[in-house]
Amino acid sequence: DQQVKQNSPSLSVQEGRISILNCDYTNSMFDYFLWYKKYPAEGPTFLISISSIKDKNEDGRFTVFLNKSAKHLSLHIVPSQPGDSAVYFCAARSGSGAGSYQLTFGKGTKLSVIP
Amino acid sequence: GAGVSQSPSNKVTEKGKDVELRCDPISGHTALYWYRQSLGQGLEFLIYFQGNSAPDKSGLPSDRFSAERTGGSVSTLTIQRTQQEDSAVYLCASSPGVLTDTQYFGPGTRLTVL
Numbered sequence: 001d002q003q004v005k006q007n008s009p010s011l012s013v014q015e016g017r018i019s020i021l022n023c024d025y026t027n028s029m030f031d032y033f034l035w036y037k038k039y040p041a042e043g044p045t046f047l048i049s050i051s052s053i054k055d056k057n058e059d060g061r062f063t064v065f066l067n068k069s070a071k072h073l074s075l076h077i078v079p080s081q082p083g084d085s086a087v088y089f090c091a092a093r094s095g096s097g098a099g100s101y102q103l104t105f106g107k108g109t110k111l112s113v114i115p
Numbered sequence: 001g002a003g004v005s006q007s008p009s010n011k012v013t014e015k016g017k018d019v020e021l022r023c024d025p026i027s028g029h030t031a032l033y034w035y036r037q038s039l040g041q042g043l044e045f046l047i048y049f050q051g052n053s054a055p056d057k058s059g060l061p062s063d064r065f066s067a068e069r070t071g072g073s074v075s076t077l078t079i080q081r082t083q084q085e086d087s088a089v090y091l092c093a094s095s096p097g098v099l100t101d102t103q104y105f106g107p108g109t110r111l112t113v114l
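Read top to bottom, the protein sequences are chains A and B.
Residue numbers 1 to 115, in the numbering used here, belong to the letters of the first sequence in order.
Residue numbers 1 to 114, in the numbering used here, belong to the letters of the second sequence in order.
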């Protein structure tokens, strides 16, 4: 039972254009969402997060949108740069009770930005 | 400052052997996590340590897996009688506290069980 789904295993985008990475979740208890970026042979690095009380969070070229009714979030990168080429993981956690530190990850989307 | 380090970076072992994977968290981080990523899958939570509290072992897939954290710092993940399905990248992460949103990951150990 996959609670966090990234249905696109890969995405190719031209440099300078917008990259949109999508993530869907099924667990309505999730209230905090994160995006991690992973280069080959390295561990994931935190990129941006959003709380369920917001519908948008922006940090430079990166913006995360949350649609709670649709249980959907997306990461927008604009403009895309070749250095953004990596695997992007969507992750979620729930509440402040027991186990709230556990992150549930999607399978990742490999982004390729073409110069 | 140094990030999370893991050793070895790669480990090849034969089915049935025991392996130990090591994690050195960022100095001062009280929370430590182990995850694994099997081929084509997302990261799967294994175990969590917070300070001197009893660890949360709810993610360990079988009793062949165990982990300890000595002195609140270095952690060792041990897999006994390895099976081929244990082949994966094992990732360690640490964070300053419990609910901080930033878990800092190490580069991982790629385990291959032949």
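One thing to keep in mind: the hints can contain errors.
Computed spacing ranges between beta-carbons, pair by pair [said to hold, decoys possible]:
(1) A:PRO40 with B:GLU85: 17 to 27 Å
(2) A:GLN14 with B:SER73: 29 to 39 Å
(3) B:GLY16 with A:ILE53: 45 to 55 Å
(4) B:GLY16 with A:PRO40: 25 to 35 Å
(5) B:ASP63 with A:LYS54: 26 to 36 Å
Taking beta-carbon pairs under 10 Å as the criterion, some of the chain B residues facing chain A (in silico) [stated by the list, open to error]:
(6) GLN37
(7) GLN41
(8) PHE65
(9) GLU68
(10) TYR104
Hints were generated in silico from the structure; no laboratory data involved.
Even for Gly, the Cβ is constructed at its ideal location relative to N, Cα and C.
Verification of the hints:
{"no.": "1", "hint": "A:PRO40 with B:GLU85: 17 to 27 Å", "result": "holds (23 Å)"}
{"no.": "2", "hint": "A:GLN14 with B:SER73: 29 to 39 Å", "result": "violated (46 Å)"}
{"no.": "3", "hint": "B:GLY16 with A:ILE53: 45 to 55 Å", "result": "holds (51 Å)"}
{"no.": "4", "hint": "B:GLY16 with A:PRO40: 25 to 35 Å", "result": "holds (30 Å)"}
{"no.": "5", "hint": "B:ASP63 with A:LYS54: 26 to 36 Å", "result": "violated (42 Å)"}
{"no.": "6", "hint": "GLN37", "result": "holds (8 Å)"}
{"no.": "7", "hint": "GLN41", "result": "holds (6 Å)"}
{"no.": "8", "hint": "PHE65", "result": "violated (16 Å)"}
{"no.": "9", "hint": "GLU68", "result": "violated (19 Å)"}
{"no.": "10", "hint": "TYR104", "result": "holds (8 Å)"}
Going down the numbered hints, you'll see the structure goes against 2, 5, 8 and 9, while the others check out.
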